[in-house]
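> Sequence:
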Amino acid sequence: MPDSHSEAPALLLSGARLADGRTVDVRIDGPHIEAVGTAGSLTTRGTRLDLRGYLLLPAPAEAHAHADTALTGTATGPPSYRPEDVRRRATEAALLQLSHGATAVRAHVRVGDVQGLGSLEGVLGARRSLRGLTELTAVAVPRLLTGVAGADGLAALRDALDVGAGVVGGCPDLDPDPAGHTEAVLELAAANGLPVDLHTDGDDPARLARLAAMAGGLRPGVCLGPCAGLSRLPADEAAHIADRLAAAAVTVVCLPQGGCSGTLLRGSPPVRLLRAAGVRVVAGGGALRDSSNPVGRGDPLEAAYLLASQDGLGPEQAYDAVSATARAALGLPGVRIEAGFPAELLAVRGEGLAGALSLAYSRIVVHRGRVVARTSAVREYCDSEAAAALDLPRQGRTDSGPVSGP
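Residues in the sequence shown are numbered consecutively from 9, following my numbering.
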């Protein structure tokens, strides 16, 4: 069925600053960028959006969310996992992540046990509701896959793929036979041509080495996260594991904003060590206000901010971990602000990337060529002679702010 949003009118983003310092106009027609020119050089037959004072970036992607448990942290009793309740929570969570700028979300969903496929049914329902606003992909995550107890989990995992889960997940650390668990996941993924995304603390170097050996060459790819235990290993062991992961083309998804269900350890892996070894490192949000992290925000820009402030990455490297590299890890098309590329964009008020990561309050999100979310913040101060004398900046809406759009 054709997507009605593909008929969105042409859109001109005028006067936006790019990360390289240029100020440009960007004309969008349908889901792709049609042209990029110097500020004031482009016209459009559609809507014009004034982005003076905004930094225009490729949109981030949320690489590790938990849609079924999102927003349950304040529940007075056990949260409901009825499909209709999960659908409501998953929809709200995805819209919140969209308002932060994420136009694609990979959501881990527990399958099997007493929940069966109910939670997955709810998340897939949310995916249908959100079509045209954001791309939501479900990862089916069983608990046990080996032995007599794992037979039901393996059957649930197969059923989950049949009904629409797009990624094969698992929690090898929770299975009595972690290697057998991993092998079952990889075999099922290979048979269905699907990617793999595993929860692991990564604190057992022998187990990680076996996993890397099994995962090497599997396409369309293997992600591991959050791997906080890697930071607790001796430096030489961590470096050896990093080399093994890089050779196997395994992506590590860290969670700088906190933990998530399915893992015991908190913190981040040694991001710079992994990157130096050639491992693709992505940052995700993890738990979004559930029992694992009652204050989780699910904000990719906060994840990038934490990579820059705590792990020592530069702003460009940190943002890449939630945007270009995250999109590649999720199998999504690359985005550059050039003609022909997908119109998946985030405009953040600010002059440069460091400032945007520090104070990313006002945001405008473009998905498939149309504005799908706006968040506005105004910073004002009480009038004073000192402020007037120093000509201190304000972040209020002025004539140069965005005044029009769909």
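In case anyone wonders, no lab produced these hints; they're calculated from the structure. Keep in mind that the hints are not guaranteed to be accurate.
Simulated restraints on C-beta separations [stated by the list, open to error]: (1) SER49 to THR82: 18 to 28 Å; (2) GLY54 to ARG387: 23 to 33 Å; (3) GLY342 to ARG240: 14 to 24 Å; (4) TYR389 to ARG344: 36 to 46 Å.
By construction, the Cβ of each residue, glycine as well, lies at the ideal position given by its N, Cα and C atoms.
> If a hint holds in the structure, say so; if it doesn't, say that too.
Now for the hints, and whether the structure bears them out:
no.	hint	verdict
1	SER49 to THR82: 18 to 28 Å	51 Å, violated
2	GLY54 to ARG387: 23 to 33 Å	31 Å, holds
3	GLY342 to ARG240: 14 to 24 Å	34 Å, violated
4	TYR389 to ARG344: 36 to 46 Å	38 Å, holds
The structure does not agree with the numbered hints 1 and 3 stated previously, though it agrees with the rest.
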